[in-house]
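Letter by letter, the chains look like this.
There are 2 protein chains.
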Amino acid sequence: MTQLKNDTFLRALMRQPTDYTPVWMMRQAGRYLPEYRASRKNAGSFLQLCKNPDFATEVTLQPLDRYPLLDAAILFSDILTVPDAMGLGLYFEEGEGPKFKRTLCEEADIRKLAVPDMASLQYVFDAVTRIRRALNGRVPLIGFSGSPWTLATYMVEGKGGTDFLTIKKMAYARPDLLHRILDITSQAVTAYLNAQIEAGAQAVMIFDSWGGALSHNAYREFSLQYMEKIISGLKRENEGRIIPRIAFTKGGALWLEAQAEIGADALGLDWAVDIGEARKRVGHKVALQGNLDPAILLSTPEAIEREVANILASYGRGNGHVFNLGHGITQWTPPENAACMLKAVRTLSSQYHS
Amino acid sequence: MTQLKNDTFLRALMRQPTDYTPVWMMRQAGRYLPEYRASRKNAGSFLQLCKNPDFATEVTLQPLDRYPLLDAAILFSDILTVPDAMGLGLYFEEGEGPKFKRTLCEEADIRKLAVPDMASLQYVFDAVTRIRRALNGRVPLIGFSGSPWTLATYMVEGKGGTDFLTIKKMAYARPDLLHRILDITSQAVTAYLNAQIEAGAQAVMIFDSWGGALSHNAYREFSLQYMEKIISGLKRENEGRIIPRIAFTKGGALWLEAQAEIGADALGLDWAVDIGEARKRVGHKVALQGNLDPAILLSTPEAIEREVANILASYGRGNGHVFNLGHGITQWTPPENAACMLKAVRTLSSQYHS
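For the protein sequence lines, the chains are R and C, in the order given. Quick note on our numbering: the first sequence kicks off at 119 and runs consecutively. Quick note on our numbering: the second sequence kicks off at 119 and runs consecutively.
One should not assume that every hint holds.
Any copy will do: because identical chains look the same in the list, a pair fits if it lies in one copy or spans two.
[Claimed, not checked] In the DSBU-like style, the derived pairs of lysine-lysine whose C-alpha atoms are separated by at most 30 Å in a straight line are: (1) 461 to 287; (2) 277 to 217; (3) 287 to 159; (4) 347 to 403.
Source of the hints: derived by calculation from the structure; they are not laboratory data.
Please work from the sequences and hints to get the whole structure.
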């Protein structure tokens, strides 16, 4: 593979020295970009964008072409590809989040659940390889998956962002069934991320979008331990280089100390926590990625610069910070405000690196 | 007024000794009770239940009649009565949360916003007086309001539980406008809670349902400081007894140390935090109220008893714990499971009190 021209992101994840704080944006290939909206129209739907490696490559590269200050690319895909490959029937309705046609409610269906053949996810691995080729070493490519708990919420509830009463009822009344779902899903995610690494992903991220809905001890039992299992099963190196692992539980900043113990190289942070306090709490165990509230990108250049400066100052001097938003960029973001943020990170961060 | 027969709840809020851990349930007068559903049908709608003091009294007393182990009653009302009195037009659509017909988007409307005449909320104070009479000293009555930030989210967005992008954009681009809304709303809530106290409320609670959506510093600026202002303006005593204040930010357990400084006697906790750890973090400054995940009440008696036992053991020996759910009881709760929880709290808690 081509030599990597900018490895700032990978170095920061491993808490190695860098000249500035690297930055990327969750959901950086997304609806806020007119060029993305055009590609999506051409593809026909979000899922067709994901499932066609040429389209996935096209939209993955769009933010990099627009914003030369981005330090990483992230595979364009959906967090729910794995349960889709398990046969649950992923679909999207206009203006709503992802849903599944079939849900896992019956014990018999849960007993039948199996790790899917990775061949059914070949379109993802093909996209990874194609994106790597198109990147030609500009920046590293991040692969990703949803966490087992987060995937299970969709598999059991049929959709996300609910009050999670169905899956929580299962967690307390029939923990054996939920553990079976989580166990099979963890095996599948491990194989899935390893195949992404083999196809060329240079870092991997596990998105635990709904872990924050759990109680402190249920989080450990039903989410964190499965992320730990996945991480322990991941290929550590590829192409002669370590593959850093990032774990991100949205709404999970109360539990950072526990997250720092699961073998991740970096933890994602949402905007609820002061990143300087988070750094004190995790010590030297992990790098931190975050944590600007994406709503700030709807405001003014002055506010964006001030908030970027606050985060950089709060993290302070030294290695181990990857700047990012605390959640995906919203579709209402003026693209020039994203540029303003990226410039502020680059301009203001070098003072914290020697 | 009649002598209070059971002051366990009030004593626990003031961290005074009690024989057992008192308990009540957020939204204890609610749709999970068949008698509530019957009253609501008679009243015609949720708002008519709230606005008619006879109906409000009837449904407030229902859970107390069913569950003799409850240690407090809470006024049946809505958190949005104050902005409704400001003229924003509160309404409910079947199966959805509360909404406002008019929202505060235009600077001119925000400049015109004023503290409403408390006479327009007389139906609430009448309900308080009537409920006190009906309670006849059985247990104390809690009055309440939404927090200024939480009220403002509905006033600006028109509804709750969104991504809060409109109000956050205002917070970062035009903080002066948002501070004006919050300032007027704080004055209104202070007058509103004082009038509830004068009508007979024996404790007051401020519900900051959406504070958890804010960043750590925006929470302090736009939510916490206004709750502090309200608390500093509340009547401290009535009928010769201190009126304890409870502040509850859903999703705010990261910020307990700051919450413990605003003059509240007790803090509400959702289920994200271990109550024993929360106790260590706030020291002797405040009592704690919480924090069973209401989803657990959908499971089995065994799971309910185990989780109640865990929370009691985590809080440990000593005063200052009011048992509660971490959020409102869900409408799908079998009433006998609520009874199971209340019995477990009473049975298992006396060992922690000497």
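I want to check one pair: residue 287 and residue 159. Are their C-alpha atoms no more than 30 Å apart within a copy, between two copies, both, or neither? For residue 287 and residue 159, only the inter-copy Cα distance (29 Å) is at most 30 Å; the intra-copy one is 40 Å.
Can you tell me if residue 277 and residue 217 fall within 30 Å by alpha carbon in one copy, between copies, both or neither? both (5 Å within a copy, 24 Å between copies)
Residue 461 and residue 287: within-copy, between-copy, both or neither at 30 Å Cα: So residue 461 and residue 287 pass the 30 Å test across copies only (20 Å; inside, 47 Å).
Could you place residue 347 and residue 403 in one of the four classes (within, between, both, neither) given a Cα distance threshold of 30 Å? This pair counts as within: shortest intra-copy Cα distance 18 Å, inter-copy 40 Å.
Taken one by one, the earlier hints all hold for this structure without exception.
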